[in-house]
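Protein chains: 2
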Amino acid sequence: MAITVVGSVAYDSIETPAGRRERCLGGAATYFSLAASFFTKVRVIAVVGEDFGRRQEAVFQARGIDTRGIEHTAGKSFFWEGSYLDNLNEAKTHNTELNVFAAFEPKIPEAYRDSEFLFLANIDPVLQRRVREQMPDVKLVAGDTMNYWIKDHRAALLEVLKGLDVLLINETETKMLAGNNNLVQAARAVLALGPKALVVKHGEYGATLFHKSAPEGKGAEPFRAPALPLEEVIDPTGAGDSFAGGFFGYLASSAAAGELTPAAFRRAMFYGSVMGSFACERFGTERLQQLTRKEIDDRFILFRELTHLD
Amino acid sequence: MAITVVGSVAYDSIETPAGRRERCLGGAATYFSLAASFFTKVRVIAVVGEDFGRRQEAVFQARGIDTRGIEHTAGKSFFWEGSYLDNLNEAKTHNTELNVFAAFEPKIPEAYRDSEFLFLANIDPVLQRRVREQMPDVKLVAGDTMNYWIKDHRAALLEVLKGLDVLLINETETKMLAGNNNLVQAARAVLALGPKALVVKHGEYGATLFHKSAPEGKGAEPFRAPALPLEEVIDPTGAGDSFAGGFFGYLASSAAAGELTPAAFRRAMFYGSVMGSFACERFGTERLQQLTRKEIDDRFILFRELTHLD
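These protein sequence lines map, in sequence, to chains A and B. So for the first sequence, my numbering puts the first residue at 51; every next one is plus one. So for the second sequence, my numbering puts the first residue at 51; every next one is plus one.
Quick caveat, the hints were computed from the structure, so don't treat them as lab data. Keep in mind that this is a model prediction, so the values were computed, not measured. Each hint can be trusted.
It does not matter which identical chain is used: a pair holds within one copy or between any two.
When the alpha-carbon atoms are kept at most 16 Å apart in a straight line, the in silico EDC-like pairs for lysine to aspartate or glutamate are as follows: (1) Lys225 <-> Asp136; (2) Lys225 <-> Glu282; (3) Lys201 <-> Asp174; (4) Lys225 <-> Glu281; (5) Lys157 <-> Glu183; (6) Lys246 <-> Glu271; (7) Lys157 <-> Asp174; (8) Lys142 <-> Glu65; (9) Lys91 <-> Asp164; (10) Lys189 <-> Asp164.
Working from the sequences, and respecting the hints, build out all of it.
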């Protein structure tokens, strides 16, 4: 089933212990789309400036991603500059320029309207909600957010959470959103805000899926997917968005096969971790651009061996 | 097969967000023994002072643990005081009194000599080595250590590592010992120091088993056991030692069945995590004292559900 994703398509300048890259193609919607494109049809809604040209567009098109919803406008694209010199698990932001994103009014192309899945990548919750309202008939809606929106735009974010099937955020954000430092208690508090399921990303330790308890208390056990211990992390930028793309892309492909089951959610967690691990292996989206489905499936098997008793 | 363990039997004063306990029974060898006793016969070598009486001895005896190697001497038992008020993952030490441990000369009772398994809990590596040398014929030797010995007693520690089959340490200690901040690279460096296998404990994120590569490169894939996301951590003291007890105790029981296989090592990782999770549920050794084998096996099944795709 097709996924429409709204979020940033951007340029990133990144410094890690492995080196530095200037203005490489980035943005949450970019990583998400590339990762999800290995599993299902993906359609992007975003805004870019005059600095986004054919070469960048070609990255999406090479993966069959529909870019008709990427609006081109006067000005410069969203720009982020950050480093991971002290800690590969946490970016230090040096500069954020919203640029064309400051006045973004998401418009949904007619050709996107039959998308069954909707992903609201990390952007202003006001925009997330606007997109959600324009696509009332989707089958499954998932979303991401970040500390900035949790702290300073809580009311708008809470409105978004009410309409989500799955929220994917990291552990720090989960605890901040819940105001609770215990993961299990925080997850329960976040689920009470609306989402039916919560994926908490733990960076190099993987991710945990929490479900809202069914009335009979069944099917509510958490599920933990590992991350692959990596010999070398070149650049963790976009790992979380790539996780979301693998997770949601796999779910969309499962749904197409009529299998949106608890087992499909567990496999989706593994595919999320798989895509996140690939994203870290090169700078920016380089690794995702060169990936094959066979590499993905081989790594899925590796993840199974990493965690399964037999 | 029987395990002989050498390490501290001590008193701990502990403060956590859940409360405070004064001078409860603790020490690495205590937690290890209690946890391992659910799987196999355990024999302790330690030293205690006049403050260690029948009531403390009874805790070991209730679990069938052989205490003939616990030497009683004039003075006070080892004492540790610490808190976890800011961070449940890391103890803040307020006071350490070696007391009778300062002049400890481990002696191995004749009745312990046929032990097939030896565990060197976290004590001075000079003592660890002395015990190891007195038991040259054991089948499997595992050990633990801590940042203090890694930093200030490196030469003595390196001698111990040469004789170990399995080293169990936490992630920070692994990176410190290797002088390398990448987990995979650090694990390889530590394995080059002697141990055939390395268990890296990640606290609330579980633990990873690394094997020395076989010449043909097979069987060297890491294995990750989860930790159970706990609703409430009452007291993390001894969780790592309880992990070691579950891990090594299960291995000893597998060896008795002639099954010291890679699959047995993976199950041992799960039993380690299971015992570590129980240890956190009450203060000190309270939970381990009240545990049943059925609770352990039920939680093993829960850990499988937490991580397995089907």
